[in-house]
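Those protein sequences? They're chains A and B, same order as listed.
Residue 1 is where the first sequence starts when you use the numbering used here, and the numbers rise one by one after that.
Residue 370 is where the second sequence starts when you use the numbering used here, and the numbers rise one by one after that.
Heads up, a few of these hints could be off.
As the list claims (entries may be wrong) - Here are the simulated BS3-like cross-link-like pairs (lysine-lysine), alpha carbons at most 27 angstroms apart as the crow flies: (1) A/K227 x A/K184; (2) A/K172 x A/K48; (3) B/K468 x A/K177; (4) B/K468 x A/K23.
Claimed, not checked - Simulated DEER-style distance windows between Cβ atoms: (5) A/P242 x B/L440: 36 to 44 angstroms; (6) B/R463 x A/N132: 52 to 60 angstroms; (7) B/R463 x A/N353: 14 to 22 angstroms; (8) B/R463 x A/S325: 41 to 49 angstroms; (9) A/K195 x B/E398: 55 to 63 angstroms; (10) A/Q262 x B/Y460: 17 to 25 angstroms; (11) A/F92 x B/K421: 42 to 50 angstroms; (12) A/N132 x B/N397: 24 to 32 angstroms.
Unchecked claim - Selected chain A positions facing chain B (Cβ under 8 angstroms, derived; list incomplete): (13) A17; (14) I18; (15) N19; (16) A76; (17) K77; (18) N353; (19) R354; (20) F355; (21) G356.
Since the hints were derived computationally from the structure, they do not count as laboratory data.
Computed from a predicted structure; not experimentally measured.
Note that the Cβ used here is the ideal one computed from N, Cα and C, for glycine as well.
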Amino acid sequence: MILHIDMDAFFASIEEAINPRLKGKPLIVGSRGNRMHTVVCAANYAAKALGIHSGMPTKRAYSIYSKLEFVAADQAKYIWTSEQILELLKGFDLPLNYASIDEFQLDLGSSPSLNPVSLGKEIKAQIYANFNISASVGIAKNWLLAKLASKLNKPDGLTLIDGSNFEQVLRKASLDKLCGMGGKNGQILMAKGLKTCWDLYLNLPELFNNNPGKFDENPGKSSEKPKSVSHSYTLPRDQINPQVIQAWIRLLSEMVATRLRQQNLTSATVHLWLSGPEIGNFGAQMTHQALTNDGYEIYQRALKIISKSSLNNPKIRVIGVTCSSLSWGYYSALLKEEVRREGLIQALDRINNRFGEGVIYPAITALTR
Amino acid sequence: MNQNSFSPKARWDRFEPEKCGFNPDALNERIEVLANFKHSRIFPKSFVWHDKEYVIEIITYNWQERIGQALINYFSVLCSGQMYQVSFDNYTFRWQIDKLIQ
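So here's chain B without its partners, still in its complex pose:
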């Protein structure tokens, strides 16, 4: 897979001024996640953020992005009526909550 196809600018676009940047709502906070790894795929089931457990009801979408050597797996998930974007970095094995999806 060539993640650079069509626009390597995708990476550079992130570096915009804070107030009108790519993702002003970014949280990027570490979370603990319970997930199933099945048939080379990842299925997050629940996560703990600020000592509260969030049970994932639906994974609405998932996608990947290569950043340097790391392959980041992104998931948009629904928990009790609120959408979240969480991600897993297969290089550092870090799970994080990226943002709330409005």
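This is chain A alone, in the form it adopts within the complex:
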């Protein structure tokens, strides 16, 4: 049995716990401080009831309800709370999966001495007692069903799917509640007449019977090599100034490079993604023989992608930099200039590690501030 814990409107709940005045009022957490020029990063249940959801531009959210409460996201407190919940769950001494910042899974095995419902209640109670926020728990034979179960009675729900209610629950659950069916896949299947999870089960029973889930011995720290490392940013408004756009590309390149170096990775392929009103979505990539984890080099490669494209100083709203074709290990420099450059990067890393990320930064990125 798998026990899936899904925190209820996680970021918004933490903000409500911090400031009890916000409790029960329609509240959105914006990804930036400017309430009219950002997107909804999380909405509490009162806001969700009005039709406001995460990913929605805040302007639209305010057009739905002008008296929305607003808090700018502060990821440090969400990350800290998530890690504390993980620590709490480690105390149950069961295989654990850190699925995402607000989702956790426990593998209960098939021990008859363990009552999954009592355990679910205990976990919910402990989370509430420690953090004053609620979680929904789903319990089922595999992670896909357990995750579905956790969504069915939100907020503060506890749902068990077993042999006795399997068909009944799946018949009631619309297909888009199932993990992976919220987007295009779901739309295609729904267009083919599959409306509920039960319809999908009749066509694809193995999907519901397998999916055991992935449980690490060392939750929270993966030893697997990632396929890519990327960062993207949505600018507050369309930007035409090429220097500012380049500054953002440099900043994102530095952020990607920092993560590559933290994970002892180097990359051969740089992918640049731009989006704007005139160009729609533009994406292109270049692979080089020389591996790198230097932010300046990644930036230069990204600029080369622009210069080789037909883009003519368009308005840009979203910028993304991705590094892929990753390899373990550092690239050892041969040329004198490269050795100097490597020494400089190491010195910058040491300063940022000691005084905080972004304390020392390339001058051009000042244009992003």
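Take the given structure of chain A and dock chain B to it, following the hints.
Using the frame of chain A, we list chain B on its own:
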């Protein structure tokens, strides 16, 4: 604890233009705090800001963040109907008032 998990961007996000920045209401003023240090935890009791004493009635939430070598302990506290965010830097031993919580 790996404070970098999920998004190291959290740090970089702070550097936005002043007018629409991460925290335009930031005060970041030094304060004097009376606190209990108990069982590896910190419980601020009252603080003095601009020569006025504020008695903390409730600590509604607390969390931590690692910035370089420093570990910052944040507290959201209620004093006479107003919420404040205060923080303690365990590297410099500095207490500060970060902002008023509206």
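Hints versus structure:
no. : hint                                : in the structure
1   : A/K227 x A/K184                     : 23 angstroms, holds
2   : A/K172 x A/K48                      : 21 angstroms, holds
3   : B/K468 x A/K177                     : 39 angstroms, violated
4   : B/K468 x A/K23                      : 20 angstroms, holds
5   : A/P242 x B/L440: 36 to 44 angstroms : 40 angstroms, holds
6   : B/R463 x A/N132: 52 to 60 angstroms : 28 angstroms, violated
7   : B/R463 x A/N353: 14 to 22 angstroms : 20 angstroms, holds
8   : B/R463 x A/S325: 41 to 49 angstroms : 45 angstroms, holds
9   : A/K195 x B/E398: 55 to 63 angstroms : 58 angstroms, holds
10  : A/Q262 x B/Y460: 17 to 25 angstroms : 21 angstroms, holds
11  : A/F92 x B/K421: 42 to 50 angstroms  : 46 angstroms, holds
12  : A/N132 x B/N397: 24 to 32 angstroms : 26 angstroms, holds
13  : A17                                 : 5 angstroms, holds
14  : I18                                 : 4 angstroms, holds
15  : N19                                 : 5 angstroms, holds
16  : A76                                 : 4 angstroms, holds
17  : K77                                 : 4 angstroms, holds
18  : N353                                : 6 angstroms, holds
19  : R354                                : 5 angstroms, holds
20  : F355                                : 4 angstroms, holds
21  : G356                                : 4 angstroms, holds
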